[in-house]
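S.K.: Kindly generate the complete structure, drawing on both the sequences and the hints.
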Amino acid sequence: MNILNRTLISLFIAGSLQHGALADDAAAVMSGSTLLVRNATVYTMTRDATAPLKGTDVFVQDGRIAAIGQNLTAPTGTTVIDAKGRALTPGVFGGLGHIGLEEIGIEQTTGDYAQRLGQMRPEFDVTLAYNPESMTVGVNLANGITFTLLTPASASGGSLVAGLGAPTGLDGSAPLPARVMFVDLGGDANDLSGGSRAAQFMLLRQAIVEARAPNLVMVHDERLLSPSGRQVLLEFLKGDGVFVFDVDRAADIRNTIKFAREEKLNAVIRGGAEAWRVADELAAARIPVIVDPLHNLPDSFDEVGSTLQNAAKLRAAGVTVAISLGDTDVDDAGKTRQAAGNAVAHGMPWMDALASITRTPAEIFGAADRFGSIERGRPADLVLWSGDPLEVSSLPDLVVAGGKTQKLESRHTALRDRHYERVKSGAAR
Amino acid sequence: MTSRRPLNLALVASLSLALAACSATGPVKSSKDSKAPVADAKAVETSTGSPYPSTYKPAPSTPTLIRGATVLVGNGKRLDNADVLIRDGLIAAVGTQIEAPSDARIVEGQGKWVTPGLIDVHSHLGVYPSPGVDAHSDGNEATAPSTAQVWSEHSIWPQDPGFEAALEGGITTLHVLPGSANLFGGRSVTVKNISAVTYQSMKFPDAPHGLKMACGENPKRVYGNRRQMPSTRMGNVAGWRAQWIEAQEYARDWKQYETRKAAGVKDLRPPKRDLRLETLAAVLRGEILVQHHCYRADEMAIVIDMSREFGYRVSAFHHATEAYKISNLLAENNICAAVWADWWGFKMESYDAIPENMILVDAAPGGCAVVHSDSAEGIQRLNQEAAKGMARARRMGLDITPEHAITWLTQNAARVIGLDSKIGTLEVGKMGDVVVWNGNPFSVYALTEKIYVDGALRFDRAAPRAQPESDFLLGQPAYEGVIR
Numbered sequence: 001m002n003i004l005n006r007t008l009i010s011l012f013i014a015g016s017l018q019h020g021a022l023a024d025d026a027a028a029v030m031s032g033s034t035l036l037v038r039n040a041t042v043y044t045m046t047r048d049a050t051a052p053l054k055g056t057d058v059f060v061q062d063g064r065i066a067a068i069g070q071n072l073t074a075p076t077g078t079t080v081i082d083a084k085g086r087a088l089t090p091g092v093f094g095g096l097g098h099i100g101l102e103e104i105g106i107e108q109t110t111g112d113y114a115q116r117l118g119q120m121r122p123e124f125d126v127t128l129a130y131n132p133e134s135m136t137v138g139v140n141l142a143n144g145i146t147f148t149l150l151t152p153a154s155a156s157g158g159s160l161v162a163g164l165g166a167p168t169g170l171d172g173s174a175p176l177p178a179r180v181m182f183v184d185l186g187g188d189a190n191d192l193s194g195g196s197r198a199a200q201f202m203l204l205r206q207a208i209v210e211a212r213a214p215n216l217v218m219v220h221d222e223r224l225l226s227p228s229g230r231q232v233l234l235e236f237l238k239g240d241g242v243f244v245f246d247v248d249r250a251a252d253i254r255n256t257i258k259f260a261r262e263e264k265l266n267a268v269i270r271g272g273a274e275a276w277r278v279a280d281e282l283a284a285a286r287i288p289v290i291v292d293p294l295h296n297l298p299d300s301f302d303e304v305g306s307t308l309q310n311a312a313k314l315r316a317a318g319v320t321v322a323i324s325l326g327d328t329d330v331d332d333a334g335k336t337r338q339a340a341g342n343a344v345a346h347g348m349p350w351m352d353a354l355a356s357i358t359r360t361p362a363e364i365f366g367a368a369d370r371f372g373s374i375e376r377g378r379p380a381d382l383v384l385w386s387g388d389p390l391e392v393s394s395l396p397d398l399v400v401a402g403g404k405t406q407k408l409e410s411r412h413t414a415l416r417d418r419h420y421e422r423v424k425s426g427a428a429r
Numbered sequence: 001m002t003s004r005r006p007l008n009l010a011l012v013a014s015l016s017l018a019l020a021a022c023s024a025t026g027p028v029k030s031s032k033d034s035k036a037p038v039a040d041a042k043a044v045e046t047s048t049g050s051p052y053p054s055t056y057k058p059a060p061s062t063p064t065l066i067r068g069a070t071v072l073v074g075n076g077k078r079l080d081n082a083d084v085l086i087r088d089g090l091i092a093a094v095g096t097q098i099e100a101p102s103d104a105r106i107v108e109g110q111g112k113w114v115t116p117g118l119i120d121v122h123s124h125l126g127v128y129p130s131p132g133v134d135a136h137s138d139g140n141e142a143t144a145p146s147t148a149q150v151w152s153e154h155s156i157w158p159q160d161p162g163f164e165a166a167l168e169g170g171i172t173t174l175h176v177l178p179g180s181a182n183l184f185g186g187r188s189v190t191v192k193n194i195s196a197v198t199y200q201s202m203k204f205p206d207a208p209h210g211l212k213m214a215c216g217e218n219p220k221r222v223y224g225n226r227r228q229m230p231s232t233r234m235g236n237v238a239g240w241r242a243q244w245i246e247a248q249e250y251a252r253d254w255k256q257y258e259t260r261k262a263a264g265v266k267d268l269r270p271p272k273r274d275l276r277l278e279t280l281a282a283v284l285r286g287e288i289l290v291q292h293h294c295y296r297a298d299e300m301a302i303v304i305d306m307s308r309e310f311g312y313r314v315s316a317f318h319h320a321t322e323a324y325k326i327s328n329l330l331a332e333n334n335i336c337a338a339v340w341a342d343w344w345g346f347k348m349e350s351y352d353a354i355p356e357n358m359i360l361v362d363a364a365p366g367g368c369a370v371v372h373s374d375s376a377e378g379i380q381r382l383n384q385e386a387a388k389g390m391a392r393a394r395r396m397g398l399d400i401t402p403e404h405a406i407t408w409l410t411q412n413a414a415r416v417i418g419l420d421s422k423i424g425t426l427e428v429g430k431m432g433d434v435v436v437w438n439g440n441p442f443s444v445y446a447l448t449e450k451i452y453v454d455g456a457l458r459f460d461r462a463a464p465r466a467q468p469e470s471d472f473l474l475g476q477p478a479y480e481g482v483i484r
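Residue numbers (my numbering), protein chains in the order written: chain U, 1 to 429; chain Y, 1 to 484.
Just to be clear, a hint being listed does not mean it is correct.
[Said to hold, decoys possible] Covered, in the sense of this in silico footprint (three residues per stretch, anywhere, with C-beta under 8 Å from a C-beta of chain U), are these stretches of chain Y:
| id | stretch |
| --- | --- |
| 1 | 152-166 |
| 2 | 350-356 |
[As the list claims (entries may be wrong)] Distance windows between CB atoms, simulated:
| id | chain 1 | residue 1 | chain 2 | residue 2 | range |
| --- | --- | --- | --- | --- | --- |
| 3 | U | Asp280 | Y | Pro464 | 22 to 28 Å |
| 4 | Y | Ala238 | U | Lys84 | 57 to 63 Å |
| 5 | U | Gly172 | Y | Gln200 | 54 to 60 Å |
| 6 | Y | Ala100 | U | Ala51 | 41 to 47 Å |
[To be verified] A few chain Y residues that don't get close to chain U, going by computed Cβ distances all over 12 Å:
| id | residue |
| --- | --- |
| 7 | Lys57 |
| 8 | Arg78 |
| 9 | Gln110 |
| 10 | Asp206 |
| 11 | Arg276 |
Keep in mind that the hints were calculated from the coordinates and are not lab data. Where is the CB? At the ideal position from N, CA and C, for every residue including glycine.
M.R.: Written out as structure tokens, the structure reads:
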């Protein structure tokens, strides 16, 4: 059974290009594949946008947003979709996780997100394990998740420095260069730091000292890092690499703020269960926080102050907030919209919540030219929703990622269609 | 970062620190032949009665009339602009133009939606409480493949902050089970979601026990890793059958004893009590309801055959990520499927999980879909989980109404735990477990406003508590300011 709502998608032969509407883009519209989404409520999510553009058309040519305006016309052959006022947003962020890095959560041969070499290897680049053909990619894409942050994990037998990751589109393209380094702090990393969180900053400082003094004479056994590890870390310290610290307790977050200031790191807090308690300090330090708005229980003694209002309180204090589920499983990526909706229910402004799963994470991780907003000249990365984009009852009616219209079918819909037929005929037994 | 899915994933303690946070404590923290209706199960707990009786007493309440609300009855019916009267702890009237008793408290329900209290048939609150420290790992007696002798209620820590969080999500009744490490994990128990110092004062009066059983990967992994049976799925089945054979003999011995005793035979010695077999024999007598953790369609079909072999019935398959492949078989056997909305891919046996699972279970004639949580996070928003299923149904061209979807969280759930004569619908005479929502509960923005348990107001968003209910959170500096 074909469940894709094809009635929404019709080929519409338009007249010649309307002058003025496309202004200086007119020349560029003459060739190549074209798509016109007509009469949408467009959430561009650009920095200056405070409200959606109603009754607006978005024209895509050669994979890029060629025009945004009213009453646009398109050349012959353009695929025209009548949005009938439905919401058009940038593709949604799937959070920090393992899409394409694991097929089955607990099967070791399919999980590549962590190294267990017993050494600190900041140069461990998890993006090399990314499989764009994993079932986990297609299922998420069909659900409107167009980009994610490939995230290495700190595993027992590995290191509190988990390694490098990067944003990636789920359209089959290659991940971006790995410019994000992940560090796990707090009680759940105690077994990676000799039993104490105090040793975590000690180890990080030692690694930084080694990286900054490549000629430091040390016998091999005293070194934390390999030569290539020193090199990679040094590049990060000099350049624009982002350090993501997975940390929850308010006191640990304060130490992280201080550490980042002293070492001049571009720091991001991930988790941040108690971040709301140090919101002013985070705002002053301009450190973004990636929160899980569904997290409100004291899972550990690092998270006693967990609350559903974390995101709202951080935002009210002026902290940059992005949303990711705390869990990194491939099915959690699909819950970022639900998490954003719950953040709204608990006080976060709606537009801020949508930004926290679109533009904001793209900006934090240096991928804003690819993901997170609808802007002329940018690659088309769009989702047309059946309803309110933050509602659990809404689903994508159209997904455009990497400039291409993506199919809404996946392995999940294939299983659904096969077995629904069996149920209908009474043969599901 | 801790996992919200401890009961399934943390079985692999060695895999990653992300998991280790919740699995450091040991191997496991994971995640009809007889046509007798489930509700006939009796709360006879042991051969010697009920040694750990419920001490639950409904809190004092005043009559309450909710007026002019959208009422989802829980049995598939919807009443618009309707009234609900709760009196003496029970549903006293539902309909329009209900007269308020002189002493009634009136709740104006315009724009509000009213549902029965939600029921989660699969929770580990209290047995895997927050904080998830080693000392709190009380949900799996993972020391032998059959531990039918253990009772989850003896592990419940009533101070788990998860209970009050679940209440805020509309949960008034929950079924707390042992984990899934073992073939027979032990007895499960139904509790009322009230603040308490002892579990007995939460224990649902006269509710039948459940027996947690588990298929598939978990038992064979836990024991296979110890070079012990079961290490395979065929080992799982042989393990179950051997236990049922013992249970049949045990039941026969006791029956013979009771018959002789009744006939006046003197100087009889009762058979030696065995707590493990006592549980299994009670299943065979229909007094304990089987709650079977099982993902794959083929394994569920084997379990159904096994239930025929030994003459018991399965109340529900839990998780049942492939229930949609055998919807008709489950419906014909009167077995419910208690499922998630969108968990998939975290283990091989969940690889074929699809978000339409609940829809395809529901679509079979006589199908019984239940939305469950198995999660301290998920239990707070079962309404949203059902809404996800409703959205998937719409995409298939099926219209699932709110009045129908609510049955997955109320009436059907009550049936699974043998309490459909007492809770799960807003019908006259049922317990006064009622939730007032600020709008359609199947919206991500919906919040509970007032929650009644046996007619007593347990939660009121307009009058927030000054302190957490959990002793654990009380006086914690880090928690100050969380309470609004």
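S.K.: State for each hint whether it applies.
M.R.: Status of each hint after checking the structure:
| no. | hint | in the structure |
| --- | --- | --- |
| 1 | 152-166 | holds (count 3) |
| 2 | 350-356 | holds (count 5) |
| 3 | U:Asp280 - Y:Pro464: 22 to 28 Å | holds, 24 Å |
| 4 | Y:Ala238 - U:Lys84: 57 to 63 Å | holds, 59 Å |
| 5 | U:Gly172 - Y:Gln200: 54 to 60 Å | holds, 58 Å |
| 6 | Y:Ala100 - U:Ala51: 41 to 47 Å | holds, 45 Å |
| 7 | Lys57 | holds, 28 Å |
| 8 | Arg78 | holds, 17 Å |
| 9 | Gln110 | holds, 21 Å |
| 10 | Asp206 | holds, 31 Å |
| 11 | Arg276 | holds, 29 Å |
Of the numbered hints listed earlier, not one is contradicted by the structure.
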